[in-house]
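Chains as they are written, first to last, in the numbering used here: chain Y, 1 to 376; chain W, 1001 to 1350.
Hints may be right or wrong, so weigh each one.
Restricting the straight-line Cα-Cα distance to at most 20 Å, the calculated cross-link-like pairs of lysine-lysine (PhoX-like) are [as the list claims (entries may be wrong)]: (1) Y:K15 / W:K1262; (2) Y:K208 / W:K1262; (3) Y:K372 / Y:K213; (4) W:K1262 / Y:K13.
Calculated from the structure, these hints are not laboratory results.
Values in this document were obtained by computation on a predicted structure and should not be read as measured data.
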Amino acid sequence: MTIFRVILLHFWKYKWLILPLAIVFFLIAAMFSQFSDQGEFESQSLRITVVDYSESESSEALIDYLEHGNQVEVVNDKARSTLEEAVFLSEIHGAIIIDPNFEDLVQQGDAAVEIISDERATASTQLETEISKVLMFMNAQYNELGQLDTEQLDTALNERVEVSLNDDGLASSEENYNNAAAYSNFAAYWLMLLLMLTIGNLMSEYNKPELQKRIIAAPVSSTSSAIQILSSQSLVGIFATLIMFFGLVGLYYDRLDGIPLGKILVALLLITLFTLAMQFAINALTTNRFMVNGLANLITLGLAFMSGIFVPIELFGDTARRVAEFLPLYHYTQIYGASDITWSETIPSIAVLLLYTVAFLIIGIIFNNQRKSTQL
Amino acid sequence: MNLLRLTKYLLLINFKDFGFLFWTIAYPLVLVTIFMATTANLGSNELSDIDVGVDSQYEYTAVLEEIEFINVQEMTESNARTDLSDEAITGYISSDGSLLVEGSGFEQTVLESVLNQVHQTGTLGVSPENFNYETDFIQTTDMDTEPQVVMFYSTIAMISLYTMFTSMELISSMRPNLSTMGARFSASPFSKSLYILASSLASLVLGLFSSGIVIGFLMIFYQDNLFNNLPATLGIVLAANFAGLGLGYIIGLTPKVNINVKSIFPVVLIVGLAFLAGLMGPGLRGMINQQAPLINQLNPLAHITDSIYRVNLMGNFDGYWMTILYLVGITLVSALITLVALRRKQYDNI
Chain Y
1 MTIFRVILLH
11 FWKYKWLILP
21 LAIVFFLIAA
31 MFSQFSDQGE
41 FESQSLRITV
51 VDYSESESSE
61 ALIDYLEHGN
71 QVEVVNDKAR
81 STLEEAVFLS
91 EIHGAIIIDP
101 NFEDLVQQGD
111 AAVEIISDER
121 ATASTQLETE
131 ISKVLMFMNA
141 QYNELGQLDT
151 EQLDTALNER
161 VEVSLNDDGL
171 ASSEENYNNA
181 AAYSNFAAYW
191 LMLLLMLTIG
201 NLMSEYNKPE
211 LQKRIIAAPV
221 SSTSSAIQIL
231 SSQSLVGIFA
241 TLIMFFGLVG
251 LYYDRLDGIP
261 LGKILVALLL
271 ITLFTLAMQF
281 AINALTTNRF
291 MVNGLANLIT
301 LGLAFMSGIF
311 VPIELFGDTA
321 RRVAEFLPLY
331 HYTQIYGASD
341 ITWSETIPSI
351 AVLLLYTVAF
361 LIIGIIFNNQ
371 RKSTQL
Chain W
1001 MNLLRLTKYL
1011 LLINFKDFGF
1021 LFWTIAYPLV
1031 LVTIFMATTA
1041 NLGSNELSDI
1051 DVGVDSQYEY
1061 TAVLEEIEFI
1071 NVQEMTESNA
1081 RTDLSDEAIT
1091 GYISSDGSLL
1101 VEGSGFEQTV
1111 LESVLNQVHQ
1121 TGTLGVSPEN
1131 FNYETDFIQT
1141 TDMDTEPQVV
1151 MFYSTIAMIS
1161 LYTMFTSMEL
1171 ISSMRPNLST
1181 MGARFSASPF
1191 SKSLYILASS
1201 LASLVLGLFS
1211 SGIVIGFLMI
1221 FYQDNLFNNL
1231 PATLGIVLAA
1241 NFAGLGLGYI
1251 IGLTPKVNIN
1261 VKSIFPVVLI
1271 VGLAFLAGLM
1281 GPGLRGMINQ
1291 QAPLINQLNP
1301 LAHITDSIYR
1311 VNLMGNFDGY
1321 WMTILYLVGI
1331 TLVSALITLV
1341 ALRRKQYDNI
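All chains, full assembly: derive it from the sequences and hints.
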């Protein structure tokens, strides 16, 4: 078991990289889990920046209304370019510039505010609907009373229709499932990157000709050597998988309804095995550090993007979507593709992942044998 | 050997390394190609018509029918529940005006907002003739969002910092306690300062070359013009390549760490910084900027990304020179630390 122990000891060298990576992952996952809904209808909150040049009673009434349920930043002055940039980058849904003559303009029935937003977006329609309503109500009060009645305006604006969900329980568990699926998607990327970088660099050192010649001369059979290498890598892989899995359970311990935990665990284990097999093949092909690091980044990022981990697959074009269906990471996500998915429905995706794993193992064995024969 | 000749040989050595070429040229090109293929439709969550079921007894059906983006159809509650589950309709309005939806979302919120307005109009207590339904109280400025461009700019920012790898290798290879070459080197009369200068120059040329290739590739193949201000972009890229050199020196100084372990650090660091700056999509960047703005205020990659899109897409030079100064500052501080650490180093044994 010397090789087994040595490989594990080498893994320990990477602790100061693995630990921060794991901490950053869980911090991000925890941040995302803070935003999850709790199974009741919530109006979509808008991120808005308001520049109030009027600072009048009526502009404050408008801002007060917008502050209900939205994230509103109110400033007295801000460069137009800064507002446009924030909208352009989707950092805010819209910027509102309130004219200095706001009250007069509302009274006269003229444009009193400027909205900077992406008019194609649903959020823009929501923002315009809300502001138009308030301004129309203010104008109506000026027309009827000759002045603004903020109390009555406030009473009217607080009158809201009752909104209920079609199935409260189902919606709640669906929300839990969506959060867990997002976590698991992200966890796969993280696991693959971590394993490919650490194992890739470790094995590129291990496979160097000078060390391999000594190993060949040592009284250890190649089968025993391969078993020890693979079992040590698998042990590390399974350990990392369990951390990711129990991280999910820990973060969502109070809302596990609707989360297919068993399928997520199987998916995580399968993607770990696939990564180990793929890295085995890569290590058989090259010991070049730049290649190992480049491939680790390219494969993990490429697969994550092409499989809909970072960008929803619904936004892909037809060709990109068809390509995605052939990728292992896509099938990984399909193992827990719905909250009520059955084991029989997951079999095709599990089979595809296993086939990929076996294929890479075979490729790895072939290239490994070729490499050994050339070294001798 | 003079500086230029040494630089030329170092460049040739790097160009002959297939792994190095793959990492600095092929990898960024494949990455931006993947981005182009997957982010074409990322722009905006567009509003489509909202399909709504209403009870036959609902009194404001005629008002809803007047709204251009709402399609109204009468149905029973049981049918509506099935249609909601099948996502055939966005909401169902019962006879008392309450709304039934399948979940939270923008379309549901817009529908709720419209219904609120219908009911609030009555509560306001103003006679109908005083409402100006035809008046437009808002002046709109359309700003088409393109959050996906951040991914391309952060890729360029990421590649610009790749000089980190060559400078890290350089410093590691010069340390007698870390490499055989370093041991031989320290015993030879070869000028160390000349070697550091030539290596840094070669590394800078390679960094600018790979950044230039990716910028050229995007200029030719990306559907929109991402580089309206190329000279300013190249200025930032040059400063970023310098900063990459500096950061690589610092990593290379790490004592008693194997080069394989050491080489993962810049990979993780750059991917992590790029991740926070928007490489993996705009969602996380937006969240970080809101929840923990200090992170991206310190993140050099976020500064580079922000400056590139500002000068190119917004014509805005606010913060441009501050970013250049920040990057040059990183280089100078790193170079100073490196010089102090390497100066007159003696070893009892190697």
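These are the hints, each one checked on the structure:
The straight-line distance between the Cα atoms of K15 of chain Y and K1262 of chain W is roughly 12 Å, inside the 20 Å bound, and the hint therefore holds. Between K208 of chain Y and K1262 of chain W the CA atoms are separated by roughly 17 Å; this keeps the pair inside 20 Å, and the hint holds. The suggested pairing of K372 of chain Y with K213 of chain Y holds, with an alpha-carbon distance near 9 Å, which does not exceed 20 Å. With a CA separation close to 10 Å, the supplied pair K1262 of chain W and K13 of chain Y stays within the 20 Å bound.
In summary, the structure agrees with every hint in the numbered list given earlier.
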